[in-house]
Structures are given as structure tokens and as C-alpha cells.
Amino acid sequence: MAALVTVVLPGDEIPRSSLPTPTGKKKTLTLGPGLRHIPPDTITTTIAGALTTDNKKNAIWVDTNSGRYIPAVGDLVIATIQNSVFESFNCLLTPNTPFASLPQLAFEGATRKTRPVLAPHSLVYARVVSNGQHTSPEITCVDPSTGKSEGLGPLKSGMIFNVSLGMARRLLLKSKGEVIVLELIGAKVGFEITVGRNGIVHVDGANVKTILAVGRAIQEVDEQALGEKGQKKLAERVLKSL
Amino acid sequence: MPREVEISIIEREFIQNALQEGIRRDGREFDAFRPLELNFGDEYGVADVQLGKTRVIVRISVDVVAPPPERKFDGVFQIVTEFSPMASPAFEVGRPTDAEVILSRVLEKAIRRSNALDTESLCIIAGLKCFALRADVHIVDHDGGLIDASCIAVMAALQHFRRPDVIVEGEKATVLSTRERDPIPLSILHQPLSVTFSYYEEGNLFLVDADLAEEQVRQGEIIITMNRHGEICQVNKYGGAPVEPLDLLNLNNVALQKVKDISKFIQQKLDEDAKKRDAGGLMAELSAENAR
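Chain order of the listed sequences is A and B. Start counting the first sequence at 1; every next residue gets the next number (the UniProt record's numbering). Start counting the second sequence at 1; every next residue gets the next number (the UniProt record's numbering).
Simulated from the structure, these hints should not be mistaken for lab results. Among the clues, some could well be false.
As the list claims (entries may be wrong) - Straight-line distance between alpha carbons at most 25 Å, and here's what the computed DMTMM-like set of lysine to aspartate or glutamate pairs gives:
no.	chain 1	residue 1	chain 2	residue 2
1	A	Lys209	B	Glu201
2	A	Lys156	B	Glu13
3	A	Lys188	B	Glu21
All values derive from a computational prediction rather than experimental measurement.
Given these sequences and hints, build the entire structure.
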């Protein structure tokens, strides 16, 4: 993350000075969500948020905590199976949006003879493959190039917790987006989390108490916007209660 | 018809397992309400209740109409519920869901038919003119416990509301504006409040104020409406697994305690609001001095 945060509003022009200075091999500038290129060389914003740059990847985007999840290709999501139609499952990414389709063959080792049987309202961890403007999004539980699941597939036990979209994105970042509470708790008790970009976190652990403690800790960090100090205090409190 | 989005299988199993171990999803006690908040609007008769994430706004309005011929000495009082599609994807305008029908029936029984409001006091001239009071219940956010929250909101709004004063001369009635004469509070006979109990494990486990996920897992619910003197207005049980009679008596005791607490809370909020509105009497209001 950039040390200095600039807040932008929709329609702002991005000055040349705030563009990233490429340090990696990539020379072309990548525009992320919330930015728009108007030829020849104007870049304007379409949403409000914090302007973020990544010098290594030569990328620039607007970081915002939006309320509605819009599927983007490559996103990891936790989807709820609603029903099975013809050769695919209808899934919900959020309760308020139309179904996403998950082909029955998009599972590891699935063939026409051995299809996965998933009951309605079961959960799957999946990746968004396509999302056209006028078509429903398609998701998959298998990496198309290797045919392996790569960790995707049905979620069996545990519990899910709703978090904000910004929090889900932070958890998925390599640096964990400054969420240290999980590491602090994880040093003492074992648990497993799965994060969907659609604002759902799945937690699995040894017992009910652990799962609830971890899930609620994540929600608390999200709702109260806890910093490093607050998270340390929270982790201590959680560990004491376990 | 849009249906309530059901929770997933693993959530259902987890909530049941946790309840068996005596743990609720949000760490509450079995007989605890979620944090309750109550705010009043700038106008009289607007109450905004937040019960956890559930939010209900009630607005009371008044009009002068001719009373129905069969009830000449009564005013008119009606409660109208409206579920905003903003609250839940399952709600749609013009198509009441089961929850909406049950809510309006329960409110009707709890508040209107238990005579919480003295409708005779709304009569202006017998057979000719009366006040028509209308309580609009807006569900703005839905996370379970709608009945309890709505009941609190309606009762708080009724107690907060002030109707304009009237002068009757023969057959002529003049409604005075709030500037001419201070508006009058409604005459409320008692304050019924509802407590919903959700039960699990064939009626062996009772929860107070279940949230939306817990509501979806429950085997049935019992709605008890009573006032703080322990007078029961209704006991409702819409199907579900059978319950021991003795449990029902225990629930009444729990409900009474909850109703007492909530009544006290509403009264405290009303007092705070009254203090805020009190400008220091008529003389202070008429004074030309201002705080410059």
C-alpha cells in the first residue's frame, strides 16, 4: 500500500504526478476498478475512494468499500447452490442478484457419468470465469488449465460470516491487508478460513467456540475498523475466552 | 413470488450444534434481547426503533373524519404495515408475504383489540366528527424479531404523539393549531408489548428475540403480548412442534420481566425527549430574547 493516501471523488482527473513510477518490467500502465481512460492522455475517476498505486505492477486503482458485490473475472467467491437446472447449478453470490451458473462438469474429476451431487443451499468455493454485461455470471470449481480443484469445491462444515467487501478484499491480499488478528489467534489455536470476494468468510475449526470466536473477531475488526493496537487487544481477549 | 433466501446447510447445522452446546451465534444469553435503540423524530409521533440490525420506523398521523355509523362514539384507529423491498430481497410492494400478514394480525390483536388506545377519547362530536388515527409501520431493515420491534415502535410512537386540541360549539368544531394551544397526548389505557420465543429441539430450548438466521432454523414460535402489570393480551402459536403447558407458564414469567424492562426503557426515552423539547414554559417561548 502506498504510504500517502489521496482521496478522489467521481470525475476527478488524476494528475501525472500521482501515477505509479514503474520499477518492474511492465511498462504499460494498468488501470484498476474505478478509473477510466479518456484518449489521448486523461485519466478520470468514476467512483469515490482512496487512490492506490502499485509501482511493481505499474497499476493504479481506486480502493473503496462498496456495498454491492459486482462479480469480476478471476474473483474467488463463496456461492450458495439454489437448484440444479439441466447441466448446471444455479448459485447465488448475494441474495439480491440474479443466479450465477456453475456447470456440473466444472468440478475436479467430474465426467458425464460421475457428476457431483450437491443439495440445495450447500456452499461452494468457486472462481468467477465470465461476467458479461447482459449474461449471468459463470463460476467454476476447477482450474481449466490443469483440471485440478486448486482448493476450490464444496464447503463441508464450519460456519460462514458476512463481512464488508473491503474487508474480504483485505483478507485476500498477500499482505493480509493489515489484519493481524488472525495470525495472533492462529498462533495458539488451529482454524481454517476461506474468503469469498462477495463478502463471505467461511471459518472451520475444531469446535463451535473456536469457529465463533474467529468469525466474530473478523467481523469486529471490520465493523469497528480496528488498527494494529485494537487487533492485538482483541486477539488477547479472544484467546482468554477460549 | 420472491421467497426469503434460505440460509445454507452448514449454517443451519452450525446454529443447531451451537445451541446444543448452549451457545448463540452472536454470543447472547438465551433470554437476552439484542441492543435496543429508540429515537424520536422532530415531529410528534415518529419513533425509530433499532433492535440489532432490524429497524422499524412508525409514524402516527391524524385526520378528522365522520365516524362509522355503527360506532358513533368512537374514533378510528388503524395500523398499516409496509415492508420496504429495501429491507430484504424477499419483500415486494403489493404482495404481502406470510410474515407481513402475521405481523399485521398480531399488531391488530396486540394493540388495537386489547384497547391500548382509548378510541372513545378520539370522538369530537358523536356521530358527526372524530379523529382518525393512523399508525404507519415501516420495516426498513429486516434481521428477525419484526413483531417485537414493531410492537415497541408503535407503542412508543403512540405515547409520543400529541393530537391537536379542538373547540366544540354546538355542531361546529374548530381544530386549533399547535401554535394556538398545546397539543394533547393520547389517552393510553395500557402498554402492551410482544415477546417472541423461538423454540428448538422439540420445545426443549427457548430463545428470546431470534435473529433472521435463528428464525429460519426454529421449529416454531410463541408470541406473548402483555403489559407491564402482567396482563396477557394474547398468546399466539402458529403451528410448529408441540410445547409442554408448563413451559408456557415459564415463558410468561420471562416475558413479564422483558416487558417490564422494555417499558422502563421506553419511558426513560420519552422523558429524555420531553426534557429536550421543553423550552422552559410559555414565557420563555414568547420572550423576544435570543441566545446571541
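Among all the numbered hints in the text so far, which are the ones the structure does not match? No numbers; nothing is violated.
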